[in-house]
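> In case you want the letters, here they are:
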Amino acid sequence: MNPHALMRRCLSAAAALLLSAGALAVAAPSAAAQENDTDSLLIATDQEVDTFNPFKRRFVITYNTSLMTYETLVRMGADYEPEPGLATEWEESEDGLTWTFTIREGVEWSDGEPLTAQDVAYTYGLLIENQAIRDWNIDFAGNLVSAEAPDDTTFVLTLAQPSPWDVLTREVFVVPEHVWSTYPDPSADDANQLPLVGSGPFQVTEYETGEFITLEANEGYWDGAPGFDEVVFDYYEESDAAVAALEAGEVDIVSGLNPAQIGALEGQDGITVNNAQGRRYVSLTINYNSVTKDGTEFGDGHPALKDPIVRQAMHMAIDKQELVDTVLDGNGQPATSIIPEIFEQYHWDGGDAVLDFDIEAANALLDEAGYVRGDDGIRTMPGTGEPLSFRFYQHADSTDYATIAQFVSEWWAELGLEITPEAIEQGTLNDLAYLGEFDIAFSGWGVGPNPTEQLGMHTCAVLPTLTDGTERSSENNYCNAEFDALHEQQKVESDPEARAELVREQQRLMYEDTPVIYLYYQNVLEAYNSDKITGMTMQPSEGGMITGQQGYAWAYVTAQPADAEDEGGTPMWVWIAVAAAVVVVAAGAIVFVLQRRKTADERE
Amino acid sequence: MTDGSSTADGASTEAPSAGRSRPGGRVSSGFGRYLFKHVGGAAVSLLLVLFSSFFIFRLIAGDPIDQLTRERPVSPEERAAMRAELGLDQPMWQQFWDYITGTLTMDLGESFQYRRPIFDLIVERLPATLILSGTGMVLAVVLGFWIGTRAGWKQGTRFDKGHVATGLLLYSAPTFWLGMIIILVFARYLGLFPVNGMRSPSTPPDFWSQAADIGYHLVLPVLTYTAVVYAGYLMIMRSSLLDEIGSDYLTTARAKGLRDDEVRRKHAVPNALLPTVTLVFLALGGVVNGSIVTETVFSWPGLGSLFVQSIFYPDRPVLQALFVLFSSSTILAVLGAEILYWFIDPRIRRSG
Amino acid sequence: MTTTTPVSPRSLRWARRRQSFTRSWNAYRSQRTGMIGLFLLAAIVILALAAPILVDESQLSVTQATGGRMEPPSAGFPLGTDEVGRSILALTLWGARLSLLIGLTATVVAILVGTAIGVTAGHIGGWYGWIALRFSDWFMVLPSLVVAIALLAVLGRSMSTTILVIAMVSWSGTTRLVRAQTLTVQARPYLERAKALGAGHWHQMTKHILPNVLPLVLASATLLVPSAILMESSLAWLGLGDPNVVSWGSILNRASSNGAVSAHAWWYLLPPGLAILLVVLAFMMCGRALEAVFNPRLRGEQS
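Chains as they are written, first to last, in this note's numbering: chain C, 1016 to 1619; chain X, 7 to 358; chain R, 1101 to 1403.
Pulled out of the complex, with its shape left as it was, chain C reads as follows (with noise of 0.2 Å):
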């Protein structure tokens, strides 16, 4: 081929694609701009979906999509109290084995057919008899003996041991049997099958990986149509790039934001921030007591930690108001105990107990205790002259707990104390924390309503019988034997303020040992879109959060679409302006281009 030709042919090509890249730019807009009819709430997630198969689903995004597509019969409220779901009342046997649950009438799936009792006792029958998906559920189905439905109102469920808790808060999706029993194996990703066939709210229609997942109403929801038609899960893997999309409208609640964002969305017009308690704790997990069942020790945990005294010390030499006021920037609460302060029932704060921040105290503490200076200013063991050097891990992709790390070493640096941070992966972190090879770690979790879960992990019952560390359902090896005593009886104590004073009794236990101290508890942190949307049921219904809710989303099946007509987005005279200098500019490249040709053309 002509080589200049060719480089002709690029030029031109060149301009092409300008032109039509402008092209797309200004055309874009106004494509974006045509209003379908749907109402849909858009929400901005960066979570893939792990499966949607309601049994073993891991993730917080399907358990939104499950908790939509699906129901319970026991529904969580707005204030985590139980109330009728699937089922209008429910009855526990004296001895506390045999729940009978009646059947809501008139239900129907979203294909059409009758939700009846049948189908609730096909969904538990499933957690009994299926393998898979019993080994999946095991804590709960491990429990349950037989489901059975005598009739179409009536479900009647039977228990190894009282657990009234588990019970009523264990979220069990009913699933319909006329489906699901077409599938060779339910406990496969059969059920991932879209659109889902659910009773609830808003089913899932549609998904494309990383990019959004679609719910569509359920017109003939028992308990009435949802405002919105259809609710979408847009992908934002960035939160500023989420944040973005909300100011420009492109996405309505968007969750997950750190403080300099809430900072510049308030105040804005048409946006609502929503900075509500949230359900999670940031802690730091001491490693004092790296023991198995039969009282074999492991791990390299530094023995100072094994005092009491040095671990109260080290509490106490922890400004948590501080923390939570520099990397939380006022938006959490400094932490007393597991269970936080948004449930309010369970939550022990902790009264005159509290050590309150005082380095002083605390040098005094461990002076009074034996652990002497060296010339170095570094502590040392009394006995064995051992320096107090500890090794303080946290997870590498986390730059709040790097913020964390460094005002926590920098106050136990004043108390004598050597630490070393160090970054580590969290999947190295979990290794290393379970082998019990590690000083102090960092350590997170989110709590549910039912405070079981979370104690349950710090009672001598889950203590690894091996010491290679693949064990892993103790939280810290803490083992108490009051402390379990009092967690056996809150878990059949049917009285809820008798179980509360139970599970406050637990907190006060371990807030005295300190096996982990508990840093803050983080708030949720959220804006709408509040020309689009309003009356929105929060949860806790006062001064709530709107994703994270728990039981039932409360959030998404209230919110109403607002008449106000959104004018948000660019003004119109920066599309004009650019389309102009689009113009002008193309118009020039196709000018040049052609002037080029020509001349070259006659020159040849």
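Keep in mind that the hints were calculated from the coordinates and are not lab data. Do not take every clue at face value.
Stated by the list, open to error - For the chain X half of the interface with chain C, some residues (derived, Cβ under 7 Å), not all of them: (1) Q119; (2) Y120; (3) P123; (4) V191.
What the hints assert, rightly or not - Calculated lysine to aspartate or glutamate pairs in the EDC-like style (CA-CA distance at most 20 Å, straight line): (5) C/K1506 with C/E1107; (6) C/K1308 with C/D1528; (7) X/K43 with R/D1237; (8) C/K1321 with C/E1383; (9) C/K1308 with X/E83; (10) X/K160 with X/D266.
Just so it is clear, the structure is predicted and the values come from calculations on it, not from any experiment. Note that CB positions come from ideal geometry on N, CA and C, so glycine has one too.
Got chain C sorted already, so can you dock chains X and R onto it with the hints?
This is chains X and R only, laid out in the frame that chain C set:
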């Protein structure tokens, strides 16, 4: 730069494949031998990649089950059930055998995080990557060659100096930082463009609206990508042209009375283009790798951002597959460039 | 010529080296961009070295931070503050130390490994040379950022692993260059002579080959440093660096994970990024000038 790795040596003026083909200086027995040698080398490289990919990512510490059950208590039975489902209870040699046979038959296994076949994931995300890096690459090559030719021809002029300086300046900027600044200016302050993803869910599903929407989302990422990469092509084209300018035949052409720009277009540019053609070929390998950094800054749903996501998960099967895909695409591109070089550069034919 | 002057071979060698150095220096000095780059680089290195004098280390402490959260520039904080109230100016100055340290160390490691393998591969040849060549070829075609990310995920994040990983993805170019040059040098008659006189491999390599290879290595090293610095910043920004150290990349990582873009906190984004840009630019200017000095084909190209 760190992005679009195969153009990384923009400042060096030699085509990367130029030196490797003449190890002993012995006379070769022709194309067959040349081809055999390079295809063989590429095959060995591919095999090494295939093997190392399995073992490298197995070294990532931690129990995958912990990642799957993040921040949620798990019973030992549940753990065992999950291990069985993910095939982690199999002995290592069995896993290795399954991996090798699977990869060779395009069965890449199942992702930990998505619980879906990896092959489907890649097929889904490949177009996004090709659109972004392909457009960026074409723009960068055209822009770089065009300016490079002009700058080289008018060496030492203000045009030359200005463009070399601008190119170097952009080339020196970290891609991710340039991306953030571009977002800050064009999306945040001016509000002209969307900052995230490839399309908006509200766009009507017909082809033209979708294409327009993608084009609209494409502007800023492509701008970032091109800005950082084009300088490499500019420099190469410029110095390649400078090489030609010194040649005798140009002097002869001028002596024959040809006009200056005719000399350029008819003689200098075609000859200067030849050595750079292989470079463009090399860049094609980079297109599949996409632009890890650009995709991450703009949340572009391509293979690069999938790779980064999988690193943080960590999603071992996906990492394994992507590592093999990325590496083999560059290996094959280099092989292609080498074969092409045979036809372009007569010196190779002489020296083997 | 030289045999007429009665001096020891050692001083002769030095004289010759001094002479060639002066020649190169003069060639370098005549290039304006190279000199600008050199001055820029000197200024940055001096600032980095003087950081502890200019800014007290306590300014990096979080418990002693005095500023507010992401404050815009003011008299007290000329470049504003970060999310815990530390001065961005102080962070950027201190960040220079680590970014330069990582870039330089990684380059030195890469150059050492690359030169050692290159010289031995070229000199010894045989099956060893073939394997070394194939191996470096293999590293050369692998996409470097992909490999670096994968290796960091495997090896864990710390300064030393970052250095190691960057060195691992950049040594192969040097090997190829050095090997080619070694082959050229070996073909020269005086090496034949040295061999005939019974010089051992070690002697040949250190006394004859290395001195001839070094200038080229130096020139290519100046171009390796900027790519190492860029690589470090990209890795740190992606969140694969050690979050406990202050480098330009890790500052930008903190900036983006704390929402600096949403908060329009340009003062948090601009200084570290511009610093990277300047250093890289300075190295590139020096490197291009050096390349022109040692590669006669390009000489005179730059004004």
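> Broken hints, numbered, in rising order?
3 and 4
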